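*Asks:* My request is simple: use the sequences and hints to build the entire structure.
To convert, take the position in the sequence shown, counting from 1, and add 51; that gives this note's numbering.
Everything labelled a hint here was simulated from the structure, so no lab data went into it.
Fair warning: this is a prediction, and the values are worked out from it, not measured in the lab.
Treat the hints with care, since some could be wrong.
What the hints assert, rightly or not - In silico DSS-like pairs for lysine-lysine, Cα to Cα no more than 25 Å straight-line:
#, residue 1, residue 2
1, 174, 224
2, 149, 139
3, 169, 149
4, 139, 169
5, 89, 144
6, 102, 144
7, 102, 174
8, 106, 144
9, 106, 149
10, 224, 106
11, 149, 73
12, 139, 89
13, 89, 102
14, 222, 89
15, 102, 223
16, 139, 73
17, 139, 223
18, 73, 144
19, 224, 144
20, 73, 174
21, 224, 73
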Amino acid sequence: MRIAVALVVLLFSSVAVSAQTKNPVSTVVREILPRQQKNLVAAAEAMPADKYSFKPTAEQMTFAHLILHIAESNNSLCAKISDMAEPKASEVKESDGKDALVASLQASFDFCSSSLAKLDDSKLGDTVALFGGREGPRASALFSLTSDWADHYSAAAMYLRLNGVLPPTAKKK
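*Replies:* Set out below in structure tokens:
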């Protein structure tokens, strides 16, 4: 029953957005971006610099690698989605430290903001190169982007909590 109610609410929300704009999908992604940017950058800033080498298990990436991965993913996906050249980011490395990694993350979100500003839904069916050498619709890259933001924030929040740091969304306002 709860799932049915949630689907009805989602459907009516989508209909309301559709009625207000001719580009509901790209508009919603542009609305999601500032919150995800705020939370992911705040998470990167919240982790103490000496904990950027932390990884929960030997098999997992370090926090520094996670932040670098997010920046690289943002740049790659936003370039594919907007059909723009990927920015020539400075060669930031995992070992470059917190300040460089946070700046790289912020720059990747700035690139996404500017590149997605021109996106409209008419191009979402166009074929683009996706990860793993496969091709698919531009919409797939757009949905991967928003999914990645949620997944990456979840991982960052877990890394923070394991180091005794409250994630940004868990703090009282």
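*Asks:* A separate judgement is required for each hint: does it hold in the structure or not?
*Replies:* Cross-check of the supplied hints:
1. A threshold of 25 Å between alpha carbons decides the hint, and for residue 174 with residue 224 the separation of about 39 Å lies outside it, so the pair is violated.
2. Annotation: proposed proximity of residue 149 to residue 139 holds, straight-line Cα distance about 20 Å (limit 25 Å).
3. The hinted pair formed by residue 169 and residue 149 fails the criterion: a straight-line CA distance of about 31 Å is larger than 25 Å.
4. Only pairs whose Cα atoms come within 25 Å are accepted, and residue 139 paired with residue 169 is accepted, the gap being roughly 20 Å.
5. A hinted pair counts as satisfied when its Cα atoms are at most 25 Å apart, and residue 89 with residue 144 qualifies at roughly 22 Å.
6. Restraint check for residue 102 and residue 144: satisfied, since their Cα atoms lie roughly 16 Å apart, inside the 25 Å limit.
7. For the given pair, residue 102 sits about 42 Å from residue 174 by alpha-carbon distance, which is inconsistent with the 25 Å threshold.
8. The straight-line distance between the Cα atoms of residue 106 and residue 144 is roughly 16 Å, inside the 25 Å bound, and the hint therefore holds.
9. For the proposed pair residue 106 and residue 149, the alpha carbon gap of about 15 Å is at most 25 Å, so the pair holds.
10. About 29 Å separates the Cα atoms of residue 224 and residue 106, which puts this hinted pair outside 25 Å; it is violated.
11. For the suggested pair residue 149 and residue 73, the alpha carbons sit about 41 Å apart, so the restraint of at most 25 Å is broken.
12. Between residue 139 and residue 89 the CA atoms are separated by roughly 23 Å; this keeps the pair inside 25 Å, and the hint holds.
13. This hinted pair checks out: residue 89 and residue 102 have alpha carbons roughly 21 Å apart, not beyond 25 Å.
14. The straight-line distance between the Cα atoms of residue 222 and residue 89 is roughly 13 Å, inside the 25 Å bound, and the hint therefore holds.
15. For the given pair, residue 102 sits about 24 Å from residue 223 by alpha-carbon distance, which is consistent with the 25 Å threshold.
16. This hinted pair does not check out: residue 139 and residue 73 have alpha carbons roughly 33 Å apart, beyond 25 Å.
17. The suggested pairing of residue 139 with residue 223 is violated, with an alpha-carbon distance near 38 Å, which exceeds 25 Å.
18. With a C-alpha separation of about 41 Å, the suggested pairing of residue 73 with residue 144 is violated against the 25 Å cut-off.
19. Taking the CA atoms of residue 224 and residue 144, the gap is about 34 Å. The hint is violated against a cut of 25 Å.
20. The suggested pairing of residue 73 with residue 174 holds, with an alpha-carbon distance near 13 Å, which does not exceed 25 Å.
21. Between the alpha carbons of residue 224 and residue 73 the distance comes to roughly 35 Å, so the proposed pair goes past 25 Å and is violated.
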